[in-house]
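Student: Could you put the whole structure together from the sequences, leaning on the hints where they help?
Single-letter residue listing:
There are 2 protein chains.
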Amino acid sequence: MPAISKKGISMPASPIRKLVPYADAAKKRGTKVYHLNIGQPDLETPKAFWDKLAHMDMKVLSYCPSDGFASYREKFSQYYNNIGIKVAPSDFIITNGGSEALLFAMMSCIDEGEEVIIPEPMYANYIGFAASGNIKVRPIPCKIENGFALPPISEFEKLIDTHTKAILICNPNNPTGYLYSREELETLRLLVLKYDLYLFVDEVYREFIYGDKQHFSALNLESVDQNVVVIDSISKRFSACGARIGAIVTRNKEVLGAAMKFAQARLSPPSLGQIAGESLFDLGADYYGGVKREYQHRRDLMVSLLNEIPGVNCPMPGGAFYAVAQLPVDDADVFCQWMLEHFSHGGATVMMAPASGFYATEGKGKNEVRIAYVLNETDLRKAIECLKVGLKQYQLLNETSKMKTELV
Amino acid sequence: MPAISKKGISMPASPIRKLVPYADAAKKRGTKVYHLNIGQPDLETPKAFWDKLAHMDMKVLSYCPSDGFASYREKFSQYYNNIGIKVAPSDFIITNGGSEALLFAMMSCIDEGEEVIIPEPMYANYIGFAASGNIKVRPIPCKIENGFALPPISEFEKLIDTHTKAILICNPNNPTGYLYSREELETLRLLVLKYDLYLFVDEVYREFIYGDKQHFSALNLESVDQNVVVIDSISKRFSACGARIGAIVTRNKEVLGAAMKFAQARLSPPSLGQIAGESLFDLGADYYGGVKREYQHRRDLMVSLLNEIPGVNCPMPGGAFYAVAQLPVDDADVFCQWMLEHFSHGGATVMMAPASGFYATEGKGKNEVRIAYVLNETDLRKAIECLKVGLKQYQLLNETSKMKTELV
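Residue numbers (our numbering), protein chains in the order written: chain A, 39 to 446; chain B, 39 to 446.
Please keep in mind that the hints were generated in silico from the structure rather than gathered at the bench. Incorrect hints may have been included.
Identical chains share a label here; the pair holds if one copy fits it or two copies do between them.
Unchecked claim - For lysine to any residue, the following SDA-like pairs were computed, each having C-alpha atoms within a straight-line distance of at most 20 Å: (1) 66 with 127; (2) 174 with 150; (3) 44 with 169; (4) 44 with 292; (5) 430 with 383; (6) 66 with 386; (7) 291 with 127; (8) 85 with 100; (9) 196 with 231; (10) 330 with 92.
Remember, predicted model here, so these are calculated numbers, not experimental data.
Tutor: Structure follows, in structure tokens:
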């Protein structure tokens, strides 16, 4: 049998999805699984989306332009203009979800063996995309003690050398929910100018900012038009993950030109998601406000419930719908699998994403999990209760087995 | 400004799409453009697809499993079983079009610097996908004189060395329309067994076989389950290119395992295209028969009209909806652009794909074009008439300018 590629072997499995077979088995046994593992919003996809699908006036579902429908890019750029970001329809390439946008950005800007600096914990698939292009990830450790804030600029400078091509952040952050401030972005701005680097910013959670904080887009940084490449998507903003519609947004025409060649090779992004998705840009403050209120309520509830559990530490996130929590366990990978394989409470269990997969540094985040608050209040309460009972059982079990080992 | 990656620079532009700006300009001038450049079927997407979209009973458009909906893979495998190919739903990974299927197959099986042998002319984007993974394409020249048949096996063996990981064919072929016989596939079977190679076969045009010939799937070759990886898609079969739903089909579990990690990194293929696409597998012989009759009629018409033009040579394709034709010009890239920029006949012109982009060997195919017969009879006749008049004008123009040069 011919060998699998080295890349295929070294490619990491998704920490968000690798436990799916255990969850499926639990469901088969009749156990209800609360999914806190994946950023799949439970809020309804707006009605306008379904209405458009119900009234498609087409005969042939054809390819669209490789950079997406012109009308979609037009609407999308209007949404940007409305929130105070000046971009033109020609500054966009529409992609198969934010995932492909990031992949195209990396491939267009970074060669094999070159490096990208990313604060960790980081969105796990950044590691996967880098691996698929043989790009080296240089992680910058963020600390749970200060809520995963941007590390001091001196830490970045320590890592920058001739191989460094880009800094990548997610703002607000997946998995930590940390919202980078304008000041932090200005710091990064100086850094990418000084060292002539790309600044990739994943802003797919831009509309999910809580309290009185404001999101500051990297596209509004001064004099770094040639450095800044923003990743966007309608998946989270409009609960439309299955549409698979994302975008690269940049004023750098060379990056767009290179990305367009990758885009042409795969012909086009999905047509249906764009056609129905166009209608979503007409939604106004009412929609965003409602969604925000709901997530903020859940955040407050979840973080307080989590921190009530003995041994659990969960900083308050500023945005997105994730939090990273420290659990009183040695190995969250083992614990998360155990929760699916061997535990249930009132006929239910909880699926979480072990945080180890969100660290590029081997061995870090072993006692952390990423939790997505994408359940309604009732389910969220039940899920956290499940986690609480599960943790207690697991600790007892471990103590018992330790005692047994000591007795033998 | 930070530099573009070497990969981004060397990535080829799509020969199918690179002339789009000239076509757009022609349309802006009011010129009708007959698109023979792209495999975008004009036949209607079946009604069942639109009906399903009109009656979506969903609240949240969520991600689907990374390998696609189980129900879709079930239906898809039934379609395979019905045409005599024994595969299980677990032998599929559903992808963002056939494009992503090929990309995942390459990345899972072939490392940077390793090689894939492909008969040329070849589907242009194979070159693009290989470039994006720094995989070397070793072309095997096919000859227009024998209708682009599979070259003798000795030609393959000349290219095989320790770097060779796979042979890739498209059957029936894009761009030539050539249908590989069962005997040719058996030859390849022996070869991949002898040298322990993967055999990638792109079978997206499987249902478009004309005359009394039969398609033989590589999945029905004996004792090469671990070598054969088939690429499939609903794009052409059901005129649903914009759905972006393809698949990897293989019984090799290690390849599926590696591909699944790439699939998880991009989360999931489009949900809408699968949900509506599932209905298409219920279409029977009536549907396929009707589509086939239409394309066969066009093929016969187009090839005969093309061969009537002085200096044009177009072999008769056995399947798909493409043909490669030799034109009486020095440089088809220049000619195709000229047709869009400077020519019109009765208010119309023709867009074709210059064949040079379908050759990995620099300088080959300079006087060839790929033509897709995806227009109805009336338009196809007008398009070929346009080409005929265009060719005549272009030749006259060239002769005149040559005379002028000689006089100077």
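Student: Determine for every hint whether it applies to the structure shown.
Tutor: Cross-check of the supplied hints:
no., hint, result
1, 66 with 127, "between (47 Å within a copy, 18 Å between copies)"
2, 174 with 150, "both (8 Å within a copy, 15 Å between copies)"
3, 44 with 169, "both (11 Å within a copy, 17 Å between copies)"
4, 44 with 292, "between (31 Å within a copy, 12 Å between copies)"
5, 430 with 383, "within (12 Å within a copy, 81 Å between copies)"
6, 66 with 386, "within (12 Å within a copy, 61 Å between copies)"
7, 291 with 127, "within (12 Å within a copy, 43 Å between copies)"
8, 85 with 100, "between (24 Å within a copy, 15 Å between copies)"
9, 196 with 231, "within (16 Å within a copy, 51 Å between copies)"
10, 330 with 92, "neither (28 Å within a copy, 30 Å between copies)"
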